[in-house]
Amino acid sequence: MKRFFRLLSLEKKDIGYIYIYALMGGLVYLSLPLGIQAIIGLIMSGQVSTSVVVLVGFVLLGILINGGLQIMQIIMIEYLQRRLITKAAFEFSFRIPRIKLESIFKEYAPELMNRFFDILTIQKGLSKLLLDFSSASLQVLFGVLLLAFYHPFFIFFGLFLLIVLIIIIWITGPKGLETSLKQSKYKYQVAHWLEELARTVNTFKLAGFTNLPMEKTDQVMNNYLTARKSHFRVLLFQYFNMVGFKILVTGGLLILGSMLVIGREINIGQFVAAEIIIILIINAVEKMIMSLDVIYGVLTAVEKLGSVTDLPIEAEKGLYIHQFSDAHSGFHIKTNKLNYKYPETKDYILKDVSLEMKGGERICISGYNGAGKSTLMYVLCGLYESYEGEISFNNVSMRDINVNSLRWHIGDNLSQEDIFEGTLMENITLGRENISFEDVLWATESVSLGTFIRNLKDGYSHNLIAGGKGIPGSVIRKIVVARGIVQKPKLLIIDDNHLAIDRVEKKRIIELLYGKSLEWTVVNVSNDPYIMQQSDRIIILKAGSVLEEGHFDTISTRPYFKELILS
Numbered sequence: 014m015k016r017f018f019r020l021l022s023l024e025k026k027d028i029g030y031i032y033i034y035a036l037m038g039g040l041v042y043l044s045l046p047l048g049i050q051a052i053i054g055l056i057m058s059g060q061v062s063t064s065v066v067v068l069v070g071f072v073l074l075g076i077l078i079n080g081g082l083q084i085m086q087i088i089m090i091e092y093l094q095r096r097l098i099t100k101a102a103f104e105f106s107f108r109i110p111r112i113k114l115e116s117i118f119k120e121y122a123p124e125l126m127n128r129f130f131d132i133l134t135i136q137k138g139l140s141k142l143l144l145d146f147s148s149a150s151l152q153v154l155f156g157v158l159l160l161a162f163y164h165p166f167f168i169f170f171g172l173f174l175l176i177v178l179i180i181i182i183w184i185t186g187p188k189g190l191e192t193s194l195k196q197s198k199y200k201y202q203v204a205h206w207l208e209e210l211a212r213t214v215n216t217f218k219l220a221g222f223t224n225l226p227m228e229k230t231d232q233v234m235n236n237y238l239t240a241r242k243s244h245f246r247v248l249l250f251q252y253f254n255m256v257g258f259k260i261l262v263t264g265g266l267l268i269l270g271s272m273l274v275i276g277r278e279i280n281i282g283q284f285v286a287a288e289i290i291i292i293l294i295i296n297a298v299e300k301m302i303m304s305l306d307v308i309y310g311v312l313t314a315v316e317k318l319g320s321v322t323d324l325p326i327e328a329e330k331g332l333y334i335h336q337f338s339d340a341h342s343g344f345h346i347k348t349n350k351l352n353y354k355y356p357e358t359k360d361y362i363l364k365d366v367s368l369e370m371k372g373g374e375r376i377c378i379s380g381y382n383g384a385g386k387s388t389l390m391y392v393l394c395g396l397y398e399s400y401e402g403e404i405s406f407n408n409v410s411m412r413d414i415n416v417n418s419l420r421w422h423i424g425d426n427l428s429q430e431d432i433f434e435g436t437l438m439e440n441i442t443l444g445r446e447n448i449s450f451e452d453v454l455w456a457t458e459s460v461s462l463g464t465f466i467r468n469l470k471d472g473y474s475h476n477l478i479a480g481g482k483g484i485p486g487s488v489i490r491k492i493v494v495a496r497g498i499v500q501k502p503k504l505l506i507i508d509d510n511h512l513a514i515d516r517v518e519k520k521r522i523i524e525l526l527y528g529k530s531l532e533w534t535v536v537n538v539s540n541d542p543y544i545m546q547q548s549d550r551i552i553i554l555k556a557g558s559v560l561e562e563g564h565f566d567t568i569s570t571r572p573y574f575k576e577l578i579l580s
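When you line the sequence shown up against this note's numbering, it's residues 14 to 580, in that order.
Calculated from the structure, these hints are not laboratory results. Where hints are given, some of them may not hold.
Said to hold, decoys possible - Derived CB-CB ranges, DEER-like:
#	residue 1	residue 2	range
1	Asp-360	Ala-340	38 to 44 Å
2	Pro-325	Phe-450	33 to 39 Å
3	Ile-56	Ser-243	36 to 42 Å
4	Ile-326	Asn-349	24 to 30 Å
5	Phe-450	Phe-103	27 to 33 Å
6	Phe-103	Leu-21	14 to 20 Å
7	Lys-575	Glu-446	43 to 49 Å
8	Thr-230	Lys-575	45 to 51 Å
9	Arg-412	Phe-245	49 to 55 Å
10	Tyr-333	Ile-179	53 to 59 Å
11	Thr-570	Ser-320	26 to 32 Å
Bear in mind that the values here come from a model prediction, so they are computed numbers and not experimental data. Cβ atoms here follow ideal geometry from the backbone N, Cα and C, with glycine treated the same way.
Turn these sequences into a full structure, and let the hints guide you.
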């Protein structure tokens with residue numbers, strides 16, 4: 014409920030107008046029974062005159078005004094719905110690039126983004142909530158108050174009915190919300206499994222005969238249907254209560270009204286007007302009870318949106334690189350007793366890693382599988398924040414540096430890099446400012462992409478499909494490298510495992526990236542002897558620790574050297 018009210022508080026001005034229209038509409042709508050009472054009184058007294066025509070005119074005018082107020086509410090809600098989905102889209106767009114990766118370590122991020130569609134549930138439900146539920150609530154309240162003017166007995170009866178209605182909602186409400194949340198959870202599991210089937214469609218095609226897709230679907234659907242049944246039982250109980258409530262209201266007020274007419278405490282006109290009010294109250298209560306499912310849906314949707322908007326994001330603070338580093342020289346990097354373990358795991362991936370990379374050096378990080386090479390690169394890029402120990406860039410602690418400023422000056426081709434749906438130009442520049450077309454041209458020519466781009470019909474405006482579908486894998490890897498070098502970073506991180514291109518081309522690219530005319534610091538994760546030879550120093554990692562560092566001439570004589578090459 015807190016999330017829901019927090020969401021509404023951002024739109025309190027417009028919601029205030031909607032409730033003012035609802036309040037005015039409720040008051041005007043009650044002119045119907047009062048007008049009918051007056052008309053019946055005139056007819057029974059035999060005074061059929063222009064007064065009746067005037068009263069009929071007032072009743073019709075009241076209906077017209079009420080309709081106009083409802084249209085105003087609908088217009089306000091339409092504006093509100095547009096703003097809600099726009100705000101949600103921009104909030105997701107703002108948060109997604111800033112989400113702390115460690116907070117979604119055990120989540121599949123694309124599946125989490127399905128929660129965005131819950132804003133559509135909020136859109137639809139909010140209109141019903143603000144229009145139907147609010148107007149129905151006001152009709153019940155005003156109806157009971159109006160009945161009280163006919164006779165004091167109606168006051169007690171009205172209070173009793175309100176208490177009964179509140180008790181019904183109070184008892185069944187929490188259970189309804191709980192079952193709605195569980196139902197939503199399993200609904201997303203079904204959607205996630207179907208997305209997984211689509212993502213790995215070739216895997217299941219190549220498997221031949223397999224029942225796993227149907228078996229898994231049956232499993233997740235059973236969970237969903239069980240939760241759905243539990244939720245429906247709560248709704249059914251509420252609907253039964255609604256029927257009982259209608260019987261109680263109708264019977265009670267008919268009996269009470271009849272007794273008052275017989276006792277001449279109210280007249281026939283008042284009795285008819287009271288019955289019209291009773292019908293309005295019953296319809297309003299029915300509308301409220303039938304709206305509870307929508308309310309559960311809205312509250313569940315708000316909670317599901319919170320599963321994304323509650324994810325911690327990176328802080329926008331710290332020093333900018335230009336405040337302590339000159340424009341061109343590469344980073345001087347130091348780590349001291351660096352330790353890191355992944356969230357919710359016991360074992361450290363990096364253990365007491367102490368090393369130094371001087372500005373402009375070409376460093377090769379080699380090691381056994383599972384030694385922590387990739388993890389070390391992710392930590393240096395600022396992707397994983399919860400490390401222990403010290404990391405410094407140009408003698409400034411990494412914790413004191415603005416993480417986006419740091420990443421601006423780091424280029425890479427790590428496995429986290431991918432092709433997204435957009436133009437080739439967008440995939441290279443990522444919308445970063447101060448990257449000129451000359452920079453893009455230099456980067457693409459440097460990685461031998463020029464011929465490929467010139468053969469494209471739209472050149473740099475060619476639209477790429479997500480994941481790079483439809484273009485060769487070697488081209489995808491070159492685009493990622495071009496993206497990493499286009500802004501001539503201070504630190505270039507190359508993962509040789511993701512540079513699987515033709516050997517001759519690879520050598521040419523490495524020679525260019527290692528050229529002394531470029532002042533950046535290069536860290537290359539590789540067990541390739543050629544890259545080791547080209548590097549100024551080699552750092553060997555084993556089981557998360559630095560085993561040895563030195564020049565190729567020294568490392569190549571070690572007994573483990575052949576093992577590294579073979580690994």
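Hint check:
Taken as a hint, the range 38 to 44 Å holds for the pair Asp-360 and Ala-340, whose Cβ atoms sit roughly 41 Å apart. The hinted range of 33 to 39 Å is satisfied by Pro-325 and Phe-450, whose Cβ atoms lie roughly 38 Å apart. At about 55 Å, the beta-carbon gap between Ile-56 and Ser-243 misses the expected band of 36 to 42 Å. Checked against the hint of 24 to 30 Å, the pair Ile-326 and Asn-349 passes, with Cβ atoms roughly 28 Å apart.
Checked against the hint of 27 to 33 Å, the C-beta distance between Phe-450 and Phe-103 comes to roughly 29 Å, which is consistent with it. Distance hint check for Phe-103 and Leu-21: the Cβ-Cβ separation is about 18 Å, which falls inside the suggested range of 14 to 20 Å. Roughly 48 Å separates the CB atoms of Lys-575 and Glu-446, a value that falls within the hinted 43 to 49 Å. Distance hint check for Thr-230 and Lys-575: the Cβ-Cβ separation is about 49 Å, which falls inside the suggested range of 45 to 51 Å.
Range check, Arg-412 to Phe-245: about 52 Å between beta-carbon atoms, so the 49 to 55 Å window is met. About 57 Å separates the C-beta atoms of Tyr-333 and Ile-179, a value consistent with the hinted range of 53 to 59 Å. Under the hint 26 to 32 Å, the C-beta atoms of Thr-570 and Ser-320, about 55 Å apart, miss the expected range.
Hints 3 and 11 from the list above are not met by this structure, while the remaining hints are.
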